[in-house]
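K.L.:
Protein chains in written order, with numbering that gives the first Met the number 0: chain A, 0 to 656; chain B, 0 to 255; chain C, 0 to 238.
No lab work stands behind these hints: they were computed from the structure.
Watch out, some of these pointers could steer you wrong.
Where chain C lies over chain A, by a calculated footprint (3+ residues, C-beta under 8 Å) [to be verified]:
# : stretch
1 : 166-172
2 : 183-192
Quick list of simulated restraints, FRET-style, between CB atoms [unchecked claim]:
# : chain 1 : residue 1 : chain 2 : residue 2 : range
3 : B       : GLY120    : A       : ASP461    : 34 to 44 Å
4 : A       : PHE585    : B       : SER71     : 40 to 50 Å
5 : C       : ASP70     : B       : GLU239    : 51 to 61 Å
6 : B       : ASP63     : A       : PRO238    : 47 to 57 Å
7 : A       : GLY467    : B       : ASP130    : 44 to 54 Å
Since the structure is predicted, the reported quantities are computational estimates derived from the model, not experimental observations.
Note that beta-carbon positions come from the ideal geometry of N, C-alpha and C, so glycine has one too.
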Amino acid sequence: MTTYLVTGLVVGSVYAIATLGIVLTYSSTRVFNFAQGAIAFALAITFYELTVDHGWNPRWAAAVTVLVVSPLLGLVLWAILFRRLADAPSSVRLVSTIGLWVALPPLTGLIFGRDERFAAPSAVFDPPHQYEVMGVGVDSNDVAVIVVAAVAALLLTVLLRATPFGLSVRATVDAPSMAATVGVNTSIVSAGSWMISTTLAGLAGVLLGTQRGFTLPQFTLLILGCFAAVVIARMHSLPLAFAGSLGLGVVQELSKSVVVGDFLDQFFERQSVWIRGLPQIIPFTVMLIFLLAYRGLGQERFSTDTRRADDAPTVEDLDGPPLAWWRRLLPVAVVVVCVLAAPLVLSGLWEGIAAKGLALAIVFLSYTLVAGSGGMLSLCQISFAGIAAAITADLATNHGVAIVVAIPIAALVVVPIGLLAAIPSLRVGDLYLALATLALAVLVDNTYFELPSVNNFDQGVDVPRPEGFGDDLPFYYLLVACFLVVALLVRNVRRSTTGLELDAMRSSEQAVATIGVGIVRSKLVVFGLSAFVAGVGGALFATYSGRASPEQYSVLLGVVWLAVVVTWGVRSIVGALLAGLSFAVFPQLASEHLTGAWLELPTVLFGLGAIGLAREPRGVVHQIVHGRRTQERARRQRARLRATPSPVPAGVEGGGA
Amino acid sequence: MSPRLEGRGISVRFGGLLALDRVDLEVADGAILGLIGPNGAGKTTCFGVLSGLVRPQSGQVLMDGHDVTGASPQRRARAGLARTFQRLEVFSGLTVREHLVVAYRSRGRNVATRIALDCLGAGRRPFSGEDEAIETILDRLGLTKLAAAPAGALPLGTGRLVELGRALATRPRVLLLDEPSSGLDADETAALTELLRSLQAELDLSLVLVEHNVDMVLGLAHRVTVLDFGQVIADGTPAEVRASEAVQTAYLGAAP
Amino acid sequence: MTATAGAGLVVEGLEVSYGDVRALHGVDITVPAGSVTAVLGANGAGKSSLAAAIGGAGPVDRGRIVVDGEDVTRWPAYRRARAGVAYVPEGRGVFPHLTVLDNLRAMLRRAVPAADRADALARAMDTFPVLHERRRQAAGTLSGGEQQMLALARVLAAPPRLLVADEMSLGLAPRMVDVVFDGLRRAEDEGVTILLVEQYVERALDLADEAVLLRHGEVAWAGPVGDARAEVRSSYLGG
Ligand SMILES: Nc1ncnc2c1ncn2[C@@H]1O[C@H](COP(=O)(O)OP(=O)(O)OP(=O)(O)O)[C@@H](O)[C@H]1O
Ligand SMILES: [Mg+2]
Numbered sequence: 000m001t002t003y004l005v006t007g008l009v010v011g012s013v014y015a016i017a018t019l020g021i022v023l024t025y026s027s028t029r030v031f032n033f034a035q036g037a038i039a040f041a042l043a044i045t046f047y048e049l050t051v052d053h054g055w056n057p058r059w060a061a062a063v064t065v066l067v068v069s070p071l072l073g074l075v076l077w078a079i080l081f082r083r084l085a086d087a088p089s090s091v092r093l094v095s096t097i098g099l100w101v102a103l104p105p106l107t108g109l110i111f112g113r114d115e116r117f118a119a120p121s122a123v124f125d126p127p128h129q130y131e132v133m134g135v136g137v138d139s140n141d142v143a144v145i146v147v148a149a150v151a152a153l154l155l156t157v158l159l160r161a162t163p164f165g166l167s168v169r170a171t172v173d174a175p176s177m178a179a180t181v182g183v184n185t186s187i188v189s190a191g192s193w194m195i196s197t198t199l200a201g202l203a204g205v206l207l208g209t210q211r212g213f214t215l216p217q218f219t220l221l222i223l224g225c226f227a228a229v230v231i232a233r234m235h236s237l238p239l240a241f242a243g244s245l246g247l248g249v250v251q252e253l254s255k256s257v258v259v260g261d262f263l264d265q266f267f268e269r270q271s272v273w274i275r276g277l278p279q280i281i282p283f284t285v286m287l288i289f290l291l292a293y294r295g296l297g298q299e300r301f302s303t304d305t306r307r308a309d310d311a312p313t314v315e316d317l318d319g320p321p322l323a324w325w326r327r328l329l330p331v332a333v334v335v336v337c338v339l340a341a342p343l344v345l346s347g348l349w350e351g352i353a354a355k356g357l358a359l360a361i362v363f364l365s366y367t368l369v370a371g372s373g374g375m376l377s378l379c380q381i382s383f384a385g386i387a388a389a390i391t392a393d394l395a396t397n398h399g400v401a402i403v404v405a406i407p408i409a410a411l412v413v414v415p416i417g418l419l420a421a422i423p424s425l426r427v428g429d430l431y432l433a434l435a436t437l438a439l440a441v442l443v444d445n446t447y448f449e450l451p452s453v454n455n456f457d458q459g460v461d462v463p464r465p466e467g468f469g470d471d472l473p474f475y476y477l478l479v480a481c482f483l484v485v486a487l488l489v490r491n492v493r494r495s496t497t498g499l500e501l502d503a504m505r506s507s508e509q510a511v512a513t514i515g516v517g518i519v520r521s522k523l524v525v526f527g528l529s530a531f532v533a534g535v536g537g538a539l540f541a542t543y544s545g546r547a548s549p550e551q552y553s554v555l556l557g558v559v560w561l562a563v564v565v566t567w568g569v570r571s572i573v574g575a576l577l578a579g580l581s582f583a584v585f586p587q588l589a590s591e592h593l594t595g596a597w598l599e600l601p602t603v604l605f606g607l608g609a610i611g612l613a614r615e616p617r618g619v620v621h622q623i624v625h626g627r628r629t630q631e632r633a634r635r636q637r638a639r640l641r642a643t644p645s646p647v648p649a650g651v652e653g654g655g656a
Numbered sequence: 000m001s002p003r004l005e006g007r008g009i010s011v012r013f014g015g016l017l018a019l020d021r022v023d024l025e026v027a028d029g030a031i032l033g034l035i036g037p038n039g040a041g042k043t044t045c046f047g048v049l050s051g052l053v054r055p056q057s058g059q060v061l062m063d064g065h066d067v068t069g070a071s072p073q074r075r076a077r078a079g080l081a082r083t084f085q086r087l088e089v090f091s092g093l094t095v096r097e098h099l100v101v102a103y104r105s106r107g108r109n110v111a112t113r114i115a116l117d118c119l120g121a122g123r124r125p126f127s128g129e130d131e132a133i134e135t136i137l138d139r140l141g142l143t144k145l146a147a148a149p150a151g152a153l154p155l156g157t158g159r160l161v162e163l164g165r166a167l168a169t170r171p172r173v174l175l176l177d178e179p180s181s182g183l184d185a186d187e188t189a190a191l192t193e194l195l196r197s198l199q200a201e202l203d204l205s206l207v208l209v210e211h212n213v214d215m216v217l218g219l220a221h222r223v224t225v226l227d228f229g230q231v232i233a234d235g236t237p238a239e240v241r242a243s244e245a246v247q248t249a250y251l252g253a254a255p
Numbered sequence: 000m001t002a003t004a005g006a007g008l009v010v011e012g013l014e015v016s017y018g019d020v021r022a023l024h025g026v027d028i029t030v031p032a033g034s035v036t037a038v039l040g041a042n043g044a045g046k047s048s049l050a051a052a053i054g055g056a057g058p059v060d061r062g063r064i065v066v067d068g069e070d071v072t073r074w075p076a077y078r079r080a081r082a083g084v085a086y087v088p089e090g091r092g093v094f095p096h097l098t099v100l101d102n103l104r105a106m107l108r109r110a111v112p113a114a115d116r117a118d119a120l121a122r123a124m125d126t127f128p129v130l131h132e133r134r135r136q137a138a139g140t141l142s143g144g145e146q147q148m149l150a151l152a153r154v155l156a157a158p159p160r161l162l163v164a165d166e167m168s169l170g171l172a173p174r175m176v177d178v179v180f181d182g183l184r185r186a187e188d189e190g191v192t193i194l195l196v197e198q199y200v201e202r203a204l205d206l207a208d209e210a211v212l213l214r215h216g217e218v219a220w221a222g223p224v225g226d227a228r229a230e231v232r233s234s235y236l237g238g
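Use the sequences and the hints to build the structure in full.
P.N.:
Pasting the structure below:
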């Protein structure tokens with residue numbers, strides 16, 4: 000048991016180091032760095048290559064990685080991405096780093112190759128000294144990790160709380176333009192924090208790698224641990240982040256111990272699944288517990304919002320000047336005609352690919368609904384899709400329910416599951432919803448999707464097609480019809496009173512409340528609706544492919560989905576369609592023309608696309624439709640909104656009656 | 000008859016600070032109450048309590064004699080209470096007209112039916128009487144030309160009018176205005192004063208007005224309550240209040 | 000030095016537009032060093048755009064802004080601040096999540112040499128004693144007027160070279176407005192150049208040496224305050 004305690008503290012310390020970086024950049028720039036784990040991974044691989052492949056002395060390699068490469072990477076990322084985010088609307092700040100998360104691991108693969116990586120020599124003490132503490136063997140490397148984490152936490156706290164730089168950081172994040180007008184060079188402040196943050200990521204990466212191996216799953220687990228710790232820290236408290244990480248590491252390791260295993264063995268019939276998934280379930284559970292506990296404290300205690308005091312309204316709010324009707328309808332018409340006519344020109348294979356894209360597009364419409372209209376970031380739409388697919392398969396194959404009945408039932412079942420993540424987190428803020436949904440997705444991945452009856456030993460479960468739609472061609476048109484129906488629903492909601500209310504809520508929840516509009520209810524309804532849509536889409540996707548297999552609905556894939564959708568435009572229905580199609584088409588093209596690490600090129604592109612949002616927050620579709628000039632205009636308009644406050648058009652001065 | 004809005008013994012404590020100390024205040028049907036006092040006296044906090052955004056440590060809020068102390072802001076709004084904010088709270092993504100639309104519709108159908116209708120595409124159609132009501136308000140406030148302008152880009156004074164319009168669109172019976180004239184120049188303030196006077200008469204509104212523009216508030220109000228350090232230090236007709244020594248020293252200072 | 004010699008602030012041909020909308024078309028203003036100029040005009044006439052442009056917080060399309068003979072048009076806001084330009088934005092000139100004390104520290108850090116900082120801090124709290132009482136409170140939870148005092152405290156405590164104040168008296172009770180104008184008068188005596196955007200026209204004109212009347216983004220009238228009152232009256236009634 001105590002052995003687990005020690006390893007838990009070590010793992011927790013690594014979490015702590017990475018978490019401190021997330022908290023630092025969040026509290027200095029209001030950008031939540033979802034990519035911290037990916038950055039740590041890339042830097043860990045750098046270290047590995049330096050020592051193992053290039054034969055550097057491990058200490059040198061570690062020093063160079065952490066002290067030179069890491070801050071440089073931070074500077075580069077700041078220059079190309081994070082710098083632009085300073086002016087970006089809050090929603091873009093929320094999703095932009097997701098692109099990095101998606102793109103960085105495969106990019107690392109492209110650069111360093113994708114060979115198997117085994118243990119690297121330790122960077123600190125090799126061989127380590129062994130101690131005996133309370134009957135448990137502890138080696139000096141463990142101690143070193145814990146000490147490094149504690150020192151980092153302490154230094155950062157002092158830096159933020161007690162130095163002029165820290166004051167500038169806090170002032171900048173609170174109100175950037177105000178900070179500039181009192182003489183703070185906000186660029187230096189934000190570049191500095193990002194460099195510190197990536198340095199911490201590099202440190203965590205090297206430590207985790209040497210302790211646990213250089214595999215992606217290890218780093219995914221790292222991310223989850225960090226995110227739970229970030230919730231515990233309420234996004235801003237460094238000491239809580241540190242303590243939370245340690246606690247989480249310990250709990251996670253303890254869960255692996257035999258005692259706990261035995262206990263669970265007795266408790267659950269389907270033992271193995273639950274136990275294997277336990278380390279991944281814990282972050283979610285912890286997150287939920289803390290969300291509920293903090294909710295009791297009342298909202299003021301949270302520094303939740305991605306918004307800052309003098310933020311301009313979000314860019315999606317400003318759709319720019321209205322376009323002539325034909326310019327609005329033309330792209331829609333072109334796309335509809337193309338989709339309808341596609342089977343006439345496509346070969347069998349590509350017709351199938353297009354159908355797959357359509358099914359995905361329906362799932363993607365759920366993002367349009369939840370993120371585009373609702374302004375909420377959900378990372379578990381893919382789980383909704385997967386669960387609905389599995390239930391549909393079960394109902395249709397094992398219980399003989401007609402498929403057209405099974406799909407809506409399955410989609411309905413998904414809704415309360417979604418609310419499980421939404422209800423505790425919605426009230427406290429958008430970012431918490433994103434984290435809670437991510438954790439939920441991981442939970443589903445590691446439990447439900449692992450059940451033998453669902454997973455069927457990686458075979459998946461068969462799903463029949465509805466009668467009369469067995470062939471690809473009629474099924475294709477069935478999908479087109481479904482897409483149009485859902486698209487109509489999404490559009491209706493956006494343009495309705497509810498849509499207006501959701502838009503209003505983004506600016507002022509207080510004002511919304513005092514005109515009599517319930518704040519949480521509309522959001523919950525839209526969230527539930529989006530879960531339903533995702534469920535329908537997921538079930539149709541399974542129906543198209545003939546089987547529901549969970550590995551097609553894994554969390555990380557869901558993150559890529561999100562990246563694709565936001566790249567094309569999360570507010571746009573056509574964007575969702577193109578996202579679906581490109582998600583089906585690009586990998587197919589890649590598999591025909593590329594090999595090895597290059598197979599992941601589409602993923603890299605999707606990730607880079609999302610990063611590009613920092614330049615054009617409304618996505619590619621908006622850019623095509625509205626053109627460059629209006630982009631520029633919108634940018635100026637934002638500048639005006641930021642220059643507080645701002646004039647009306649001359650000549651239409653508003654005055655008293 | 001019970002007053003339309005009443006606060007009884009309201010106390011609010013923030014940490015060690017007693018922001019409101021057993022404050023009583025009362026707005027009769029169709030009356031205009033002025034609420035004045037130095038900076039930090041607790042006027043905005045008082046509005047927070049009345050509108051349900053701030054929970055008092057003790058005391059009661061009553062509307063038409065019914066206790067609404069525990070009611071949510073939404074419930075009070077539906078019961079006819081509306082307010083504006085000292086620090087502008089406009090919906091920056093919405094146009095001026097949309098502000099009024101959202102507010103007008105908030106008193107319509109219940110949420111479930113409405114969202115169902117929204118999904119079916121019925122959500123865009125204006126409610127009955129909506130268009131006329133909104134055009135009237137826009138016209139009265141002189142906002143017709145700005146109806147399609149995004150509200151986030153308006154100057155402060157115009158933003159205040161948008162908030163007033165939004166409040167009016169909920170068809171309130173009691174209207175709380177927090178410094179409506181700040182950001183307006185002298186002429187605009189005069190126009191606003193006239194407007195409030197006539198709206199109050201036409202719509203049978205009860206108004207509560209927080210203002211530092213002493214001439215405006217004393218000219219408009221039927222009664223005035225003066226707060227200082229969270230306590231009511233004077234309460235009476237404008238003339239009485241102006242004459243009161245306590246008010247002179249605490250609030251008005253040298254030149255009124 | 001050219002024609003701008005002796006001027007604390009020169010604005011030349013300033014044009015500002017937001018998208019298609021022009022806010023200022025070619026505004027020229029000269030404020031002699033150490034004097035006070037009041038900018039008047041209706042809601043939306045472009046006063047705030049002018050102030051923001053000078054402070055570096057708003058966009059500039061064309062034109063020049065010269066402070067004490069130095070062209071600062073292309074300077075970022077922080078550089079202007081360090082050079083002694085203090086811009087107080089309308090309404091939201093505080094850091095809401097920082098305590099009052101941290102607000103003052105952050106505001107004074109670049110405005111005052113390290114040795115004088117403690118004095119300046121004390122002076123700021125003396126001017127508005129309530130700030131001292133509330134020094135550990137987050138600025139965002141201060142009352143509207145208290146926030147305005149906080150925003151002003153730094154400029155009154157540490158007089159800059161050029162003060163651009165947008166609606167300083169916003170939300171202040173009459174007694175506090177007196178305090179603020181007293182402070183401005185003192186600053187003027189110390190040689191600060193002041194550009195004042197103010198809704199209390201009478202009060203602003205009492206203090207100012209010259210006045211500028213903006214209308215629809217253009218200078219409709221400019222001249223010494225003596226002539227301004229009549230001009231203002233007729234122009235407001237007409238405009
Ligand atoms: N959330 C809070 N936490 C701590 N103190 C608060 C909070 N909200 C308000 N206060 C304090 O309570 C007092 C009353 O504030 P309030 O906003 O009601 O004043 P006010 O009368 O509206 O003043 P003003 O005329 O300046 O707007 C102030 O001193 C303020 O600092
Ligand atoms: Mg107030």
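K.L.:
Now, for every hint given, state plainly whether the structure supports it.
P.N.:
Verification of the hints:
{"no.": "1", "hint": "166-172", "verdict": "holds (count 4)"}
{"no.": "2", "hint": "183-192", "verdict": "holds (count 3)"}
{"no.": "3", "hint": "B:GLY120 with A:ASP461: 34 to 44 Å", "verdict": "37 Å, holds"}
{"no.": "4", "hint": "A:PHE585 with B:SER71: 40 to 50 Å", "verdict": "49 Å, holds"}
{"no.": "5", "hint": "C:ASP70 with B:GLU239: 51 to 61 Å", "verdict": "58 Å, holds"}
{"no.": "6", "hint": "B:ASP63 with A:PRO238: 47 to 57 Å", "verdict": "51 Å, holds"}
{"no.": "7", "hint": "A:GLY467 with B:ASP130: 44 to 54 Å", "verdict": "47 Å, holds"}
Hint compliance for this structure: no hint is broken.
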